[in-house]
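Participant: Same order as they appear, the protein sequences are chains X and R.
Just so you know, we're using numbering that gives the first Met the number 0 here: the first sequence kicks off at 0 and counts up by one.
Just so you know, we're using numbering that gives the first Met the number 0 here: the second sequence kicks off at 0 and counts up by one.
It is possible that part of the hints are untrue.
Sample of chain R residues facing chain X (criterion: CB under 7 Å; computed from the structure) [as the list claims (entries may be wrong)]:
hint	residue
1	Leu14
2	Val168
3	Cys191
Here are the in silico distance ranges between beta carbons for each label pair [unchecked claim]:
hint	chain 1	residue 1	chain 2	residue 2	range
4	X	Ala136	R	Val168	26 to 32 Å
5	R	Leu84	X	Ala55	30 to 36 Å
6	X	Asn215	R	Ala43	44 to 50 Å
7	X	Asp256	R	Leu340	26 to 32 Å
8	R	Val18	X	Thr228	38 to 44 Å
9	X	Ala136	R	Phe150	24 to 30 Å
10	R	Glu254	X	Gln158	40 to 46 Å
11	X	Lys171	R	Ile142	50 to 56 Å
12	R	Val247	X	Ala163	50 to 56 Å
13	R	Asn258	X	Asp256	49 to 55 Å
14	R	Met100	X	Ser250	49 to 55 Å
Hints in this document: simulated from the structure, not taken from any laboratory.
For each residue, glycine too, the CB sits at the ideal point set by N, CA and C.
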Amino acid sequence: MSAKRGADWSARLAEHWRGIGLSLVVVVATVWLGFTGQLGLYIHPRYFGFTLVMAAVGLVFVVASFFFSSSFVASTPAAKTTPRRLALSVVGSGVLLSIAAVAVLALPPATLTSATATQREVNSGGLDTSDAAEQAATLVGTGDYERLSVKEWVSLLAQSDDPALFADKTAKLTGFVLPDADDPDNVFYVARFVVTCCAVDAQPIGVPVYLPGWSNTYSTDEWVEVEGTFTPNPSGRAQASLAVEPTTIESVEQPSDPYVY
Amino acid sequence: MRGDRVGARVIPSGLIVGVVLVALAFLVRGVSPAFDGLGLPDRAQDAVTLALSVIIESAPFVFLGILLSTVVQVWLPHGFLLRFLPRQPLLRRAAISLLGMFFPVCECGNVPLARGFMVGGFTVPESITFLLAAPILNPITIITTHQAFGFSDGILITRIVAGFIIANVIGWLFSRHPDPDSLLTPDFAASCARPETAGHDDHDHDHTHGRGPSRIQTSVDLFARETAVIMPALFIGSLVAALTQVFVPRSVLLELGSNPVWSVLAMMALAFIVAVCSNVDAFFVLSFGSTFMPGGIAAFLTFGAMIDVKMLALMRTTFTTRTLVQITALVALMSAAAGLLLNYVG
């Protein structure tokens, strides 16, 4: 009898603290990411304010739950379930809470990698092209092509792949190395992820670079700064008709804001 | 998380335990990047990142939903909202489907809110109507859809009209169910019937004096109860969405884009998998606008706002699996019909 009551009691305990525990983990992680400037690894900057305010509200509720913890046993009615379900609820809550704590609090925050980029076709979408093209056009007007980023070059290349248009322009691009799907030996992309809402909708964009045997020197996912000029893509297999012929390639640190918006 | 029982008797010690735990969590979070390079394989690492991004994006909306639900259940007089609604069932559901205009919570936040509505006196079909209509018929969604597509191709109009019709038709169908309470999970049906949740049954203002817990205490208790149900669903739903994304190539879907029938079905499948919030899904799908026919886009925006992996996990907290299968099938059929109509006629 007392064993049953013990199981019942621990199930109620699990039931009561499961949500608070998960909320605590999420709220603490959100606030910490916000203060260390890493929230952008997961969500679009336009949500920073709302997310942090709601996290603060959540934190108040979490702490308040502990404040009122003395009353919960009395106010939570006994669930009429089988001992097996009770045990399952306790174990399930424990497992979920442990996984959540490790995944959310212990793992270092990370940007998406080429593993996701290869799942989603490069330059297949994600850019609000009219907007990006407008920005690109403004920068092109200044004649300072080195200020154009991956995003602007991609939108320019999407509008036209006429070699004459790009012939005299030097590109300076920062992004991570992503092998071309069709010609991985000779072509890689200097790639970035475009995020519209949160990392889950990230779409890879990138400018192709033609450099046979690039993988001897550079590795996939490495962050690089590539300088070079556009030429008709010498690769017979890659789909992009223009590619950058690099004059210099330098390894760089991953920027603190790896995504573009 | 378990250690609090020691402090259960004295109130301040509970608070101390809470503050200490929060501080401990911050400490763990602050120290752990020192162990960088844990050596997770890329795919596993990306799955974690994707799941986390959904959780961090959605959790604030879940909290907001719980907060509004608490206001409805604890702070407004019982049945307050019901007073303003027409009595005739059809008109009533039509009015309820526009409630999202005043509660612009994201779809994940609508689940706790709908639960609150049911405890506060809505019938089951009425809350289903709300749950399906609110993600589409709310100011934020309409504005973002307009920003993304304007009035071109009839996408915005189709989304609004289809959202309204689908929510009301499904509400009407379920209103003919002989025993609507059987649509709910036993746990939730029990909590609807539980008098102390419903609170102040007869005397609205009976809260401060009397032996019951204070409103603040009830609100905090409700937070614990709702998060206990919603947060596990959010975690599991996000993980499923992330794993599907890492392991199912999206290019498979994209190849189907230019066919009038397949574009609709593929976009609905995509909507189901990616589980983007309805507030912003227009921006997301904008990138597919060139590949897919307008009907496919409209079907994505209609179906995805109502049903996706994460939403099903969240709704499972409240409705039986059988009910969810029926709702999903109905929403899918009608969204597909709307999309096909736009592709062939529009």
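Participant: Output the numbers, in ascending order, of every earlier hint that fails for this structure.
Facilitator: 2, 3, 4, 6, 7, 8, 10, 11, 12, 13
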